[in-house]
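Asker: Here are the chains, one letter per residue:
Number of protein chains: 2
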Amino acid sequence: MQINLKETADFLKAHDNFYILTHQSPDGDTMGSGFGLCCALRKIGKKANVLCSDNFPKRYHFMYEGYVPQKFAPETIVAVDVADKKLLGPGLAQYGDYVDLCIDHHISNTLYAERLLVYPDAAAACEVIFRVLAEMDVTLDRQIAECLYTGIATDTGCFKYANTTKLAHIISAKLMDCGIRLEQINREMFDIKSKARLKVEQYINSSMEYYLDDKCAMAAVTLDTLAEAGLPAEEFEGIAGMSVQLEGVKVGVIIKEKEAGKFKISMRSASDIDVSEICRKFGGGGHVKAAGCAIDGTLDDVKLKLLSGIAPALGIDLWLA
Amino acid sequence: MQINLKETADFLKAHDNFYILTHQSPDGDTMGSGFGLCCALRKIGKKANVLCSDNFPKRYHFMYEGYVPQKFAPETIVAVDVADKKLLGPGLAQYGDYVDLCIDHHISNTLYAERLLVYPDAAAACEVIFRVLAEMDVTLDRQIAECLYTGIATDTGCFKYANTTKLAHIISAKLMDCGIRLEQINREMFDIKSKARLKVEQYINSSMEYYLDDKCAMAAVTLDTLAEAGLPAEEFEGIAGMSVQLEGVKVGVIIKEKEAGKFKISMRSASDIDVSEICRKFGGGGHVKAAGCAIDGTLDDVKLKLLSGIAPALGIDLWLA
Numbered sequence: 001m002q003i004n005l006k007e008t009a010d011f012l013k014a015h016d017n018f019y020i021l022t023h024q025s026p027d028g029d030t031m032g033s034g035f036g037l038c039c040a041l042r043k044i045g046k047k048a049n050v051l052c053s054d055n056f057p058k059r060y061h062f063m064y065e066g067y068v069p070q071k072f073a074p075e076t077i078v079a080v081d082v083a084d085k086k087l088l089g090p091g092l093a094q095y096g097d098y099v100d101l102c103i104d105h106h107i108s109n110t111l112y113a114e115r116l117l118v119y120p121d122a123a124a125a126c127e128v129i130f131r132v133l134a135e136m137d138v139t140l141d142r143q144i145a146e147c148l149y150t151g152i153a154t155d156t157g158c159f160k161y162a163n164t165t166k167l168a169h170i171i172s173a174k175l176m177d178c179g180i181r182l183e184q185i186n187r188e189m190f191d192i193k194s195k196a197r198l199k200v201e202q203y204i205n206s207s208m209e210y211y212l213d214d215k216c217a218m219a220a221v222t223l224d225t226l227a228e229a230g231l232p233a234e235e236f237e238g239i240a241g242m243s244v245q246l247e248g249v250k251v252g253v254i255i256k257e258k259e260a261g262k263f264k265i266s267m268r269s270a271s272d273i274d275v276s277e278i279c280r281k282f283g284g285g286g287h288v289k290a291a292g293c294a295i296d297g298t299l300d301d302v303k304l305k306l307l308s309g310i311a312p313a314l315g316i317d318l319w320l321a
Numbered sequence: 001m002q003i004n005l006k007e008t009a010d011f012l013k014a015h016d017n018f019y020i021l022t023h024q025s026p027d028g029d030t031m032g033s034g035f036g037l038c039c040a041l042r043k044i045g046k047k048a049n050v051l052c053s054d055n056f057p058k059r060y061h062f063m064y065e066g067y068v069p070q071k072f073a074p075e076t077i078v079a080v081d082v083a084d085k086k087l088l089g090p091g092l093a094q095y096g097d098y099v100d101l102c103i104d105h106h107i108s109n110t111l112y113a114e115r116l117l118v119y120p121d122a123a124a125a126c127e128v129i130f131r132v133l134a135e136m137d138v139t140l141d142r143q144i145a146e147c148l149y150t151g152i153a154t155d156t157g158c159f160k161y162a163n164t165t166k167l168a169h170i171i172s173a174k175l176m177d178c179g180i181r182l183e184q185i186n187r188e189m190f191d192i193k194s195k196a197r198l199k200v201e202q203y204i205n206s207s208m209e210y211y212l213d214d215k216c217a218m219a220a221v222t223l224d225t226l227a228e229a230g231l232p233a234e235e236f237e238g239i240a241g242m243s244v245q246l247e248g249v250k251v252g253v254i255i256k257e258k259e260a261g262k263f264k265i266s267m268r269s270a271s272d273i274d275v276s277e278i279c280r281k282f283g284g285g286g287h288v289k290a291a292g293c294a295i296d297g298t299l300d301d302v303k304l305k306l307l308s309g310i311a312p313a314l315g316i317d318l319w320l321a
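Those protein sequences? They're chains A and B, same order as listed. Under my numbering, the first sequence has 237 at position 237, and the numbering climbs by one with no breaks. Under my numbering, the second sequence has 236 at position 236, and the numbering climbs by one with no breaks.
By construction, these hints were calculated from the structure, which means they are not laboratory data. Glycine included, C-beta positions come from ideal geometry on N, C-alpha and C.
Some chain B residues close to chain A (C-beta under 8 Å, calculated; not the full set):
(1) Tyr-161
(2) Lys-166
(3) His-169
(4) Ala-173
(5) Glu-183
(6) Phe-190
(7) Asp-191
(8) Lys-193
(9) Gln-202
(10) Glu-247
(11) Ala-270
Make the full structure from the sequences, and use the hints.
Answerer: Following this line, the structure appears as structure tokens:
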């Protein structure tokens, strides 16, 4: 059942002993929503814990500084930024069928919860949480504000992406009143990199190849190079964006060998070209500007297949190029 | 004479035939201020041109799409985002002593103009221009809005830096109402890179050296390597930020050889350390988090001198490190 802001606020005020569920491989938005809501509920005298199938990532340390799980029997299950109960992950799967309230912003939400507050036009779940807390008249403190700000900033690429809303800006202005450490948070979220990450980016940049009048960029990471170059697999998150950073590139591709001869492809568009359409030709799918597919074969085969799918979208005849 | 918003609006409404001066090596804020103000003045029936000592950079093409210089004898000289008349550059130096109005946000403004609207707390000159246009009751269109948005976005690193104001967010929300191409502009401003720039970044990353318990990062570009690696000097803008991107690095240094044996140093702080204080030891200066100096000698001498200045600030004994 879809409920509105006021009903959500009333529900939260009327209940207690909350388990707040975040999605697996937690990002800034699910973490910010979880801890922002948890802090707020505790502030008005409720018992609440944040749960995640994975460990809380160290990079969001400022969200859970001083956080200690409370002991209580859970009565109310709330999921935040979780579009599908499958995304709760193995550690929280047991709660999947018992979610009392889901607060989210994904249009793909599978409506698995008993009550739903899903605003698909919101930039982030944290934008929705902010509105819920305003409706509840909770006074925000710096910690809550930093949680919500981080969710909005990370989901919008720091107000850079198309999903940036007017409200994202307006809420950020309001959160600045709470003394958030804006510069420090953004530096940690967007600028600082580990040595391993820098190595991966160096590798991707130096191995990028350009095709089809330089309108298509491709970089490949095989199991061999991964081992040889000592590139840690977990540092590849978000690397697909690097494929469209060169000016003039319209379609970018990162090819990753998952098992010998089995490749996972991430495709990005920096133009009007719908890469989900290209990926569908290979049994994949996704969004207009970010899609993916899987192709088996040799690396050369995979590249040629991809180019044969991309060339027509660029209006280029592969065999004359 | 410092004047206020209303006086500025009245002055602009009462005058005509504007030359709007931008600073040399134009950035997004001076360009956005210049073209935003020019479009607005033309919209209310005034004659106005934007002038710059350098060519208008191609990357800001959307600001001057359809812009044609008008023919008129200048009567009113306005400088935007120009802190010092020296910054007008050789092409506009002739106007330096005749600036009727300066709209700016630099605390270092030398107050060279007859009338001054300088808000040092503003994130960007475009923030001040927005307020002036609001005071003048000019209805913003998409082009004006994109000019002002770009100035605010570029001067704040897309709302990432410490100079980001509440007003920067609130104004951006208002500018979104004018249908700005937010995603496209931010992609062009922040994500797309030329092949030459990627090459420079690759070079800087691969030549970065770490000292003092990895708390200090240094990269050097000598005249020899510049020539050998074919690195274009004009692609080094803003490269200093790369020196503090590795986690744990507190002070970052980029050393550039300008002439044989003469080095220009850019220093960045990613901590509480005041790098302007360090640079002052070498006859330089700047801001707490971004400073510079010049040192002559061999590259090894220069590095050692710098390390001897940086080590105490990090609380490290250079000779025991």
